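Work out the full structure, taking the sequences as your base and the hints as a guide.
Listed in order, the protein sequences are those of chains A and B.
Take the first sequence: its position 90, counting from 1, is numbered 90 in the numbering used here, and each next residue is one higher.
Take the second sequence: its position 13, counting from 1, is numbered 13 in the numbering used here, and each next residue is one higher.
No wet-lab data here; the hints were simulated from the structure.
These numbers come from a predicted model, not from an experiment.
No residue lacks a Cβ here, since even glycine has one placed at the ideal position from N, Cα and C.
Everything hinted at is true.
In silico lysine to any residue, SDA-like type, Cα no more than 25 Å apart, as pairs:
#1 A:Lys171 x B:Tyr87
#2 A:Lys171 x B:Ala100
#3 A:Lys171 x B:Val71
#4 A:Lys171 x B:Asp99
#5 A:Lys171 x B:Ile86
#6 A:Lys171 x A:Ala161
#7 A:Lys171 x B:Tyr98
Computed beta-carbon distance windows for the label pairs:
#8 B:Asp99 x A:Ala24: 33 to 41 Å
#9 A:Leu21 x B:Met101: 40 to 48 Å
#10 B:Val78 x A:Thr6: 42 to 50 Å
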Amino acid sequence: MAIPDTVPLLGMSWNDVLFLLLAAGMLGCALLVVTLRDIIRCGIAMIAAFAALAGIYVLLGAPLVAAAQVLIYIGAIAVLILFAVMLTQAKNAPVRLVFQTQAIPAAVAAIVLAVIVALTVTATDWGDVGRRIATATDALARLLFNQYVLPFEVVSVLLLAAVIGGVFLAKREDRDA
Amino acid sequence: MSQSLDAYLVLAGILFAIGSFGFLARRNAISMLMSIELMLNAVNLAIVAFGAFVPELNVHASVIALMVMAVAAAEATVGLAIVMAIYRNRRTPLVDEYDAMRQ
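Written as structure tokens, this is what we have:
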């Protein structure tokens with residue numbers, strides 16, 4: 001049985017429906033990240049937002065970026081943040097106030113920022129923006145290891161320095177223990 | 001809709017605004033780091049969207065997005081280590097109680 005070209009009962013293409021679902025899921029999870037009281041649940045919502053964003057990368061035709069999103073953000077950064085949550089949150093004293101006193105001005109500023117960005121984006125003529133094109137992974141690898149090989153190595157050195165710095169900062173100091 | 005650059009850029013802008021709200025409004029230092037990650041993801045989405053719709057940027061955008069992810073990983077490592085180092089001294093993850101330099 002063949003899949004129809006458009007979604008039954010909606011008349012939209014599958015790509016549009018997927019985009020709407022993933023975008024709504026990502027924005028909803030992002031809102032949960034910044035509003036939930038329990039910080040562990042914030043972390044879980046953040047993982048869901050990252051996963052939805054990986055789906056959007058697939059829709060954009062960048063499968064390698066989507067795979068890296070899953071590996072780096074969900075696999076490394078989110079787990080790192082969850083470990084830090086478990087190491088730093090005191091269980092016996094639940095936080096009464098989630099937000100600072102500047103929460104309402106911050107919300108106003110964020111809404112204004114979103115409106116400005118949306119207006120600017122829709123008002124700008126982006127020139128001859130063609131149809132969506134997929135990224136070939138072999139071309140990406142060839143470019144990464146020829147033209148971009150110096151930034152690649154610099155990034156690896158940066159990661160090494162960050163890891164050493166992180167270990168040094170988080171190391172327990174024995175002299176005041 | 002999924003064939004227009006505007007939709008992806010507006011989505012990235014909204015995600016960036018949510019992240020900036022979280023960074024300005026949350027009291028917990030780790031929540032602020034999560035908000036920074038959301039903002040970095042929004043920028044990455046904009047980069048990949050430009051790469052998907054502008055032929056000259058196509059492959060370059062993916063390379064830049066991968067670099068941004070690596071730098072974000074470095075940032076998360078150092079940021080969380082700093083939060084844990086401060087937590088060891090002050091016994092609280094709430095940033096509005098880090099006021100030693102104000103007194």
